[in-house]
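Novice: Sequence:
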Amino acid sequence: MLLGLGWKLLAARRLRPAAWLLRTAIALDPADPEAWLLYGHCLKERRLLKEAEAAYRMARRRGYGNIECDFQIGQVATMTGNRAKALRIHRLLADSGHYASMISELFLTSLLSHDPRKGPETVGFRPVPPGSESGPVLYDVTDLIEHAARSNTRTYTVTGIQRIQFELLGQAAGSPGAGKSTTGYVFFHPVVLRFVLVDPQRLFDLANGRIMAGTTRFETLVAILEDSASCEGAQNACLVNLGIPANPAYFGEVSRMRGCTGLKHVNLVHDCLPLTNPEYFNQLTIERFRSFIRQSAAFTDHFLTSTRTTRRRLIDALKSEGAADPKVSVVPFGSNDAVPPHPGADELALERLGLAGTEYVLFVSTLEIRKNHRLALDCWKALAERHGSGAVPQLLLVGRIGWMVEDLVRELGELDVDKVPVRHLQGIGDEELNVLYRNCVFTLYPSLAEGWGLPVTESLSWSKPVLASSLDVICEAGGDLIDYADPRSLESFIEMAELLIFDTGYRASREAWIASNHVRRTWSDVARDIDRVVRTN
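Every position in the sequence shown, counted from 1, becomes a number in the working numbering once 102 is added.
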């Protein structure tokens with residue numbers, strides 16, 4: 103509770119009481135790294151920069167995370183005018199190969215060459231009439247730009263949460279009431295610590311692989327920032343964040359804009375898994391999410407979730423941080439259209455992927471421990487042993503390699519596909535993924551913890567049967583259209599997989615049921631509902 107109050111005082115610019123409170127928290131628990139980090143923020147805001155750097159170094163020593171703390175120390179160096187030190191720190195971070203390396207490179211480039219243009223005349227928003235409560239809607243694309251910066255490939259493929267963000271942002275400009283003077287896209291600039299307007303089209307082109315020949319992904323990102331402009335002229339705006347803010351200064355700027363421009367802040371929370379299922383996350387991710395909840399409880403006006411389950415969990419988390427009556431709206435996610443194939447195109451694509459004439463079950467997901475690929479692999483081993491590998495369709499795992507799956511990846515690499523028909527593919531583009539959905543026998547999704555389960559709704563849009571885990575959130579997404587099994591019971595999944603593989607009559611009945619009863623929800627529908635919540639609350 104002390105740290106939650108500390109965030110509130112800090113973001114409200116009540117710096118002296120915040121400093122006193124945080125010193126008290128440190129006295130009670132000198133080993134708490136977040137208390138030291140917050141104290142550093144407080145000292146930095148008071149321009150006690152030498153003391154702020156010392157606090158950040160103490161936070162690092164106490165285990166908050168070298169990258170986060172070094173990034174803050176680099177910002178302190180910038181503020182003191184020690185350009186050489188700032189450049190040295192951010193160059194080291196940029197070369198580190200860690201999570202924040204490309205973010206630091208963006209910071210470095212900005213530090214060397216760019217300061218966004220100042221002045222409300224650059225904004226282009228129409229003036230808000232005196233007394234009006236509605237202003238422009240500003241969609242925050244910071245998470246997407248930083249995710250693109252962290253991607254270690256030249257082509258940028260979006261999946262999971264970033265896929266949802268791109269779909270929603272792509273539809274946002276077409277929502278009712280949207281227009282050039284009422285909708286904008288902003289980035290939280292890492293140098294000036296202000297929101298700046300950016301042109302989203304380059305970002306969308308980047309996600310779709312349409313970057314200029316001879317131009318690197320990083321150069322495209324830098325160009326996005328170089329063309330940015332101030333949004334200080336946006337009065338009574340609503341800032342919509344479709345992810346989790348990563349910069350510790352984010353909520354301080356939200357608080358400032360709330361006070362001086364009448365800003366309203368809306369945040370989409372995809373899940374509360376770092377709190378409900380901490381076993382699948384590292385400690386830094388858990389602490390950052392807790393910090394996000396603390397600050398959101400004080401400075402977010404309205405929340406969005408995709409499921410009733412996440413809504414309940416989020417309300418409980420916010421109330422534990424002192425939020426009396428948090429406003430949370432449920433906006434279920436959607437899926438893309440099922441695109442018909444061009445004549446002969448599917449056959450060529452399947453041949454290119456080594457799947458010509460092959461029956462397969464599709465499992466689309468990043469390989470990470472909570473997605474339960476281990477159960478899927480063990481299930482297919484058991485099926486091959488019981489029925490013979492030739493009688494079992496191939497299990498096709500499609501997704502990049504994530505975290506906490508080193509043993510699984512090693513085993514997949516050593517697997518004899520003739521004995522256990524399981525393959526892993528990654529780097530699959532949207533068109534190839536459409537082909538894989540169109541031609542699969544059914545899809546598999548045995549996740550142990552989830553926020554929504556996008557592959558479930560995508561599979562339904564193709565009228566494909568789904569065998570998924572019986573989590574509350576997946577039951578919300580799939581309803582009575584899909585088949586369920588206990589994600590912690592191997593035998594449960596084997597039994598249902600056998601039914602869908604070998605009982606062709608049952609499988610056909612499930613396909614017919616989906617085709618007759620599935621009401622497809624488009625991303626345009628989702629964006630419209632978000633726009634309605636944003637503009638009416």
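Hints are supplied without guarantee of correctness; some may be wrong.
What the hints assert, rightly or not - Taking lysine to any residue pairs in the SDA-like style, the calculated list, with each CA pair at most 25 Å apart, reads:
1. Lys152 - Leu455
2. Lys421 - Leu105
3. Lys421 - Ala551
4. Lys521 - Leu455
5. Lys187 - Gly237
6. Lys483 - His526
Stated by the list, open to error - Beta-carbon label-pair distances, calculated as ranges:
7. Ala447 - Glu508: 33 to 43 Å
8. Ala447 - Asn384: 40 to 50 Å
9. Leu450 - Asp574: 23 to 33 Å
10. Ser591 - Glu508: 47 to 57 Å
11. Asp518 - Met181: 34 to 44 Å
12. Ala447 - Gly504: 28 to 38 Å
13. Asp509 - Gly459: 56 to 66 Å
14. Val441 - Tyr608: 22 to 32 Å
15. Asn379 - Gly529: 33 to 43 Å
No lab work stands behind these hints, which were simulated from the structure alone. Here the structure is a predicted model, which is why all the values come from computation and not from measurement. We put the CB at the ideal spot given by N, CA and C, even for glycine.
Novice: Could you grab the alpha-carbon distance between lysine 187 and glycine 237 and see if it respects the 25 Å cut-off?
Specialist: Roughly 41 Å between the alpha carbons, so the hint for lysine 187 and glycine 237 is violated.
Novice: Holds or violated: lysine 521 and leucine 455, Cα atoms, limit 25 Å.
Specialist: holds (20 Å)
Novice: Between lysine 152 and leucine 455, does the CA-CA distance stay at or below 25 Å?
Specialist: Answer violated: lysine 152 to leucine 455 is near 58 Å, above 25 Å.
Novice: How does the Cβ-Cβ distance of aspartate 509 and glycine 459 compare with 56 to 66 Å: does it lie in that range?
Specialist: For aspartate 509 and glycine 459 the Cβ distance comes to about 32 Å; the hint is violated.
Novice: Range hint 47 to 57 Å: satisfied by the CB atoms of serine 591 and glutamate 508?
Specialist: violated (25 Å)
Novice: For the pair asparagine 379 and glycine 529, does the Cβ-Cβ distance stay inside 33 to 43 Å?
Specialist: For glycine 529 against asparagine 379, whose Cβ atoms are near 28 Å apart, the range 33 to 43 Å is violated.
Novice: Please check whether alanine 447 and asparagine 384 have a Cβ separation lying inside 40 to 50 Å.
Specialist: holds (42 Å)
Novice: Cβ-Cβ distance between valine 441 and tyrosine 608: within 22 to 32 Å?
Specialist: holds (27 Å)
Novice: For the hint 33 to 43 Å, verify it against the beta carbon of alanine 447 and that of glutamate 508.
Specialist: Holds, since alanine 447 and glutamate 508 (Cβ atoms, about 37 Å apart) stay within the stated range.
Novice: Within a Cα-Cα threshold of 25 Å, do lysine 421 and alanine 551 meet the stated pairing?
Specialist: Judged against 25 Å, a Cα distance of about 23 Å means the pair holds.
Novice: Could you check the hint for me, namely that alanine 447 and glycine 504 are 28 to 38 Å apart, CB to CB?
Specialist: Since the Cβ atoms of alanine 447 and glycine 504 sit about 30 Å apart, the hinted range of 28 to 38 Å holds.
Novice: Falls inside 23 to 33 Å, the C-beta gap from leucine 450 to aspartate 574?
Specialist: Check failed, 41 Å falls outside 23 to 33 Å.
When held up to the earlier numbered hints, the structure conflicts with 1, 5, 9, 10, 11, 13, 15 and fits the remainder.
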